[in-house]
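Chains A and B supply the protein sequences, listed in that same order.
Note that the first sequence ends on residue 213 in this note's numbering; no numbers are left out.
Note that the second sequence ends on residue 213 in this note's numbering; no numbers are left out.
Only true hints are included.
Repeated chains share a single entry, so a pair holds when one copy, or any two copies, can fit it.
Taking lysine-lysine pairs in the DSS-like style, the calculated list, with each CA pair at most 30 angstroms apart, reads:
(1) Lys107 with Lys87
(2) Lys213 with Lys9
(3) Lys85 with Lys213
(4) Lys147 with Lys186
(5) Lys9 with Lys20
(6) Lys186 with Lys107
(7) Lys107 with Lys125
(8) Lys89 with Lys107
(9) Lys107 with Lys147
(10) Lys85 with Lys9
(11) Lys147 with Lys87
(12) Lys87 with Lys213
(13) Lys87 with Lys125
(14) Lys213 with Lys20
(15) Lys85 with Lys147
It should be emphasised that the hints constitute simulated quantities derived from the structure, not laboratory data.
Chain by chain, the residues run as shown.
2 protein chains.
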Amino acid sequence: MGKEAKIASAVVRRLPKYLRILEELEAEGQQRTSSAELSERIGFTASQIRQDLNNFGCFGQQGYGYAISELRDEINRILGLKEKYKLIVVGCGRLGEAIANYTKAFEPQFDIVAMFDNAPNKIGSVVCGLPVLDERWIREYISKNNVDIAVLTIPAEVAQDVAYRCKDGGIKGLWNFAVTDIKDMGNVKVENMHLSDSLRALTYYITNEK
Amino acid sequence: MGKEAKIASAVVRRLPKYLRILEELEAEGQQRTSSAELSERIGFTASQIRQDLNNFGCFGQQGYGYAISELRDEINRILGLKEKYKLIVVGCGRLGEAIANYTKAFEPQFDIVAMFDNAPNKIGSVVCGLPVLDERWIREYISKNNVDIAVLTIPAEVAQDVAYRCKDGGIKGLWNFAVTDIKDMGNVKVENMHLSDSLRALTYYITNEK
Numbered sequence: 004m005g006k007e008a009k010i011a012s013a014v015v016r017r018l019p020k021y022l023r024i025l026e027e028l029e030a031e032g033q034q035r036t037s038s039a040e041l042s043e044r045i046g047f048t049a050s051q052i053r054q055d056l057n058n059f060g061c062f063g064q065q066g067y068g069y070a071i072s073e074l075r076d077e078i079n080r081i082l083g084l085k086e087k088y089k090l091i092v093v094g095c096g097r098l099g100e101a102i103a104n105y106t107k108a109f110e111p112q113f114d115i116v117a118m119f120d121n122a123p124n125k126i127g128s129v130v131c132g133l134p135v136l137d138e139r140w141i142r143e144y145i146s147k148n149n150v151d152i153a154v155l156t157i158p159a160e161v162a163q164d165v166a167y168r169c170k171d172g173g174i175k176g177l178w179n180f181a182v183t184d185i186k187d188m189g190n191v192k193v194e195n196m197h198l199s200d201s202l203r204a205l206t207y208y209i210t211n212e213k
Numbered sequence: 004m005g006k007e008a009k010i011a012s013a014v015v016r017r018l019p020k021y022l023r024i025l026e027e028l029e030a031e032g033q034q035r036t037s038s039a040e041l042s043e044r045i046g047f048t049a050s051q052i053r054q055d056l057n058n059f060g061c062f063g064q065q066g067y068g069y070a071i072s073e074l075r076d077e078i079n080r081i082l083g084l085k086e087k088y089k090l091i092v093v094g095c096g097r098l099g100e101a102i103a104n105y106t107k108a109f110e111p112q113f114d115i116v117a118m119f120d121n122a123p124n125k126i127g128s129v130v131c132g133l134p135v136l137d138e139r140w141i142r143e144y145i146s147k148n149n150v151d152i153a154v155l156t157i158p159a160e161v162a163q164d165v166a167y168r169c170k171d172g173g174i175k176g177l178w179n180f181a182v183t184d185i186k187d188m189g190n191v192k193v194e195n196m197h198l199s200d201s202l203r204a205l206t207y208y209i210t211n212e213k
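Isolated chain A (complex conformation):
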């Protein structure tokens, strides 16, 4: 790992989409695909797709295209999805529960090991089959259990502080749903999810492309 040449962030963003389409094609029983077919399913141009896949040495064969399982495997490897990851969810509100359930149901390589909250009535209860622990001990828990990723489903006001404590515990990545950007995390990778960005793109299309 860590041996790849650095791939442009726009390409990294497109890889999970390729993966989804490849899984779809595989589920439909197909063994090979072409940049033209991928283009039709995914909406990027065929030349864009060829260029993206060339980035990490996946050259389709002229007239034969790509072997789906090999390509899927390679993208999985590049995205780091051959590894297993330990996750904790911080914030046991509806969104925290929803994300925990979603991850358990659809993302087998991510293992949610604990939930955290700061509300006395939640601490000690069981949510999504997991114990709810006291948020105060988050740093210690991460460090002791080698947690890889913390999912933050907490109010914006406390997000940065919780993020710093996760960092102190040795977290590797933050999947942040708090309605604020987490900043200054140094080596800790951060994905700030902005749910409403896509709602706002939707209103653009509704308003402008009738």
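Since the structure of chain A is provided, determine the placement of chain B on it from the hints.
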């Protein structure tokens, strides 16, 4: 409305990000900004930003930059956020509730008018202060109440069928959280949300950029 030249989809995707940063700067009491400052906050290059904003006639003045409130206002207009939208949420599980709460709390121009479910024990109850209606009547409800957008937080297996019924009712857009792409919607605009795409980008960065 509908008078804009068609803007490339990649630019449309970036506009909500500009909007967030502009709102942030405004909240910090700033009145003007530059492509260099925007670049630092948002991570795109300054020339990319100038090019994006030129797309819809927002020319910064050399040495003066952009007036924040004007630019915010213009992006709001382009994204269609000067309008109000009526939303329904289909699927009253945790994710449906979480998205309804999120939208009510942070997106004042979106008015959630009803929740829908097909479970007898949910129909007739009140969720997020809204009546839960029988999913069977979704088409009629949309048509009678001029609903603009349906948020789908339902299982993948039923999503396409519900989408078609929303379309028959005259829906304009679908904000889809079901774990499947909604297809073939013709004039109906669809945003397929893939929560795990960002989780998978996160594992890329954790694995490859230490």
